[in-house]
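The task is simple: from the sequences and hints, build the whole structure.
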Amino acid sequence: MRDMRYLSGVASISLDVRRCVGCGLCEAVCPHGVLALTEGKAGIVDRDGCMECGACVTNCPTGAVAVTPGVGCAAYILQVWLKGKAKASCC
Amino acid sequence: MMPLTGKKRTTAAADPCCCSDAPGRGDAAASSCCDGSASGGEDSGQPCCGGPQAPAASPMARPGYELHPFVETFRTTLAGPVPVVRTSLDRRDFRGTLGARLGYGRDGYRVAPGLYAVGRPGPDSPVLVTADYKLSFDALRRELSGIDAWILVLDTRGINVWCAAGKGTFSAAAVARLVEASGLARVVSHRRLIVPQLAAPGLDARDVRRRCGFTVMFGPVRAADLPAFLRAGNRAEPAMRRVTFTLSERLAVAPVEVYHARKWLWWAALAALAVSGIGPGVFSLAAVWERGVWLVAAILAGLVGGALVVPVFLPWLPGRAFAFKGAIAAGGLGLLTVLAQAAWAPAAVSSAGRLAMVLVAGSLGSYLAMNFTGSTPFASPSGVEREMRRAMPLQAVGLVIAAILWIISAF
Ligand code: SF4
Ligand code: SF4
Numbered sequence: 000m001r002d003m004r005y006l007s008g009v010a011s012i013s014l015d016v017r018r019c020v021g022c023g024l025c026e027a028v029c030p031h032g033v034l035a036l037t038e039g040k041a042g043i044v045d046r047d048g049c050m051e052c053g054a055c056v057t058n059c060p061t062g063a064v065a066v067t068p069g070v071g072c073a074a075y076i077l078q079v080w081l082k083g084k085a086k087a088s089c090c
Numbered sequence: 000m001m002p003l004t005g006k007k008r009t010t011a012a013a014d015p016c017c018c019s020d021a022p023g024r025g026d027a028a029a030s031s032c033c034d035g036s037a038s039g040g041e042d043s044g045q046p047c048c049g050g051p052q053a054p055a056a057s058p059m060a061r062p063g064y065e066l067h068p069f070v071e072t073f074r075t076t077l078a079g080p081v082p083v084v085r086t087s088l089d090r091r092d093f094r095g096t097l098g099a100r101l102g103y104g105r106d107g108y109r110v111a112p113g114l115y116a117v118g119r120p121g122p123d124s125p126v127l128v129t130a131d132y133k134l135s136f137d138a139l140r141r142e143l144s145g146i147d148a149w150i151l152v153l154d155t156r157g158i159n160v161w162c163a164a165g166k167g168t169f170s171a172a173a174v175a176r177l178v179e180a181s182g183l184a185r186v187v188s189h190r191r192l193i194v195p196q197l198a199a200p201g202l203d204a205r206d207v208r209r210r211c212g213f214t215v216m217f218g219p220v221r222a223a224d225l226p227a228f229l230r231a232g233n234r235a236e237p238a239m240r241r242v243t244f245t246l247s248e249r250l251a252v253a254p255v256e257v258y259h260a261r262k263w264l265w266w267a268a269l270a271a272l273a274v275s276g277i278g279p280g281v282f283s284l285a286a287v288w289e290r291g292v293w294l295v296a297a298i299l300a301g302l303v304g305g306a307l308v309v310p311v312f313l314p315w316l317p318g319r320a321f322a323f324k325g326a327i328a329a330g331g332l333g334l335l336t337v338l339a340q341a342a343w344a345p346a347a348v349s350s351a352g353r354l355a356m357v358l359v360a361g362s363l364g365s366y367l368a369m370n371f372t373g374s375t376p377f378a379s380p381s382g383v384e385r386e387m388r389r390a391m392p393l394q395a396v397g398l399v400i401a402a403i404l405w406i407i408s409a410f
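Chains as they are written, first to last, in numbering that gives the first Met the number 0: chain A, 0 to 90; chain B, 0 to 410.
Honestly, the hints are just simulated from the structure, not real lab data.
Certain hints may be false.
[Stated by the list, open to error] Stretches of chain A that chain B covers, calculated by requiring three or more beta carbons in the stretch to come under 8 angstroms of a beta carbon on chain B: (1) 5-16; (2) 19-28; (3) 45-51; (4) 63-70; (5) 73-85.
Glycine included, every Cβ here is placed at the ideal spot set by N, Cα and C.
Take a look at the structure:
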């Protein structure tokens with residue numbers, strides 16, 4: 000996906016390395032290789048590659064990763080703006 | 000066990016006949032075939048009563064239940080009979096795929112949740128979990144030829160794995176519920192599930208284990224990598240863990256947008272024609288025809304630019320923001336439309352009108368391209384939101400200026 004990049008500097012992902020126990024789950028589930036393990040600890044190696052899917056957050060056992068998850072869908076975001084989160088639908 | 004839907008009947012000789020006036024048959028032949036003891040020597044070539052006889056009902060058929068063409072047979076397990084599905088897709092599957100891809104009949108294209116099998120699985124065979132969206136199910140089974148496995152189809156309300164994970168229907172709770180309901184623990188001796196990686200946003204692997212005792216392993220992103228994943232002892236190469244967005248993947252999702260455009264395209268075309276009639280003579284039908292078609296052409300340029308050119312040429316269009324890519328692609332097509340207009344009917348549209356045509360195409364294409372973010376596997380919500388805040392006012396202004404220019408250009 001290096002040939003297809005989205006906007007830089009917007010991804011909301013953050014990692015608290017102190018809480019990381021090095022289980023490697025975040026590295027396994029991330030579809031963009033944003034997180035990788037080095038010397039037993041996770042690190043963010045490609046922040047701008049993050050699509051905020053939330054897979055890492057859902058599966059991290061210690062809550063070391065945080066992101067504002069969601070779907071990158073304009074139609075959905077527009078509905079949220081117009082109708083509010085409860086009534087918006089997507090996919 | 001016998002195949003359920005096989006077109007096994009081959010010899011016409013085995014046809015019982017039910018009508019005595021069959022062409023080419025004597026009464027004797029008719030009576031002999033009507034008592035069910037049809038003898039050979041069939042020379043009529045044509046069975047009577049409208050074509051070949053259908054196969055006998057399957058012993059698995061139950062009143063009120065339909066057997067799906069993709070079910071080959073059933074496998075008896077300790078948890079009851081489990082349908083064994085084909086790994087090849089047939090015409091009906093492709094027709095359904097086309098429908099789902101183009102957007103008609105897209106909703107409710109699902110298979111019944113529960114346990115299925117491919118090949119001849121046993122207690123040690125792997126269990127693969129998927130969504131009940133028929134395209135997800137088909138993508139999985141077509142990759143499994145020559146593999147013995149169980150398939151656990153989750154009730155995701157007819158939504159694909161990734162979207163279902165986002166919506167929370169492909170969840171640990173749902174998996175645990177289905178593991179219980181299907182009696183999976185009696186069917187397999189191991190306690191492992193292979194779940195598609197793209198379910199990870201909604202499915203907490205440890206939670207599945209807590210709830211039903213099965214350990215979740217995240218499989219590859221693409222079903223096509225499953226055979227290699229299984230061969231390697233359930234290990235995914237890094238490349239198997241990454242989403243891709245190849246030309247064919249982009250083409251597969253692009254038509255939906257074009258199909259959805261039909262909802263507003265007629266209205267947009269009508270509005271364009273109506274606006275084109277306004278002129279010095281208050282309203283002129285001749286102008287509706289002469290100028291209107293070119294505005295409609297500009298709208299089509301916007302549609303094609305935003306909903307087709309952008310998906311296809313996504314990696315090569317300049318910029319990162321989809322709205323920008325769309326404006327470039329559709330604006331370019333708008334320019335081509337203007338060139339065509341200048342060559343074809345040079346007097347029909349003035350230069351202000353030509354600017355309006357490019358603006359209409361560009362703004363519309365920009366909006367449609369922005370909508371395409373939702374079909375890509377890499378646009379983040381933060382990015383899309385930022386893009387929308389910047390681009391939508393520009394798109395709106397573009398359309399308003401275009402409308403003003405178009406009306407002015409008539410005078
Ligand atoms: S949110 Fe998704 S894309 Fe971003 S780091 Fe986590 S798993 Fe990777
Ligand atoms: S999932 Fe959490 S604990 Fe495990 S490696 Fe990643 S950040 Fe560390």
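Hint-by-hint comparison with the structure:
Judged by the Cβ-Cβ criterion of 8 angstroms, the segment 5-16 of chain A is covered by chain B as claimed, because 6 of its residues qualify and three suffice. Counting residues of the segment 19-28 of chain A whose beta carbon lies closer than 8 angstroms to any beta carbon of chain B gives 3, which reaches the threshold of three, so the coverage claim holds. Only residues whose beta carbon comes within less than 8 angstroms of a beta carbon in chain B count, and the segment 45-51 of chain A has 4; three or more means the coverage holds. Here's how the segment 63-70 of chain A fares: 4 of its residues keep a CB closer than 8 angstroms to some CB of chain B, so the rule of at least three is met and the hint holds.
As drawn, the segment 73-85 of chain A meets chain B at 5 residues by the rule of a beta-carbon pair under 8 angstroms; at three or more, the given contact holds.
Hint compliance for this structure: no hint is broken.
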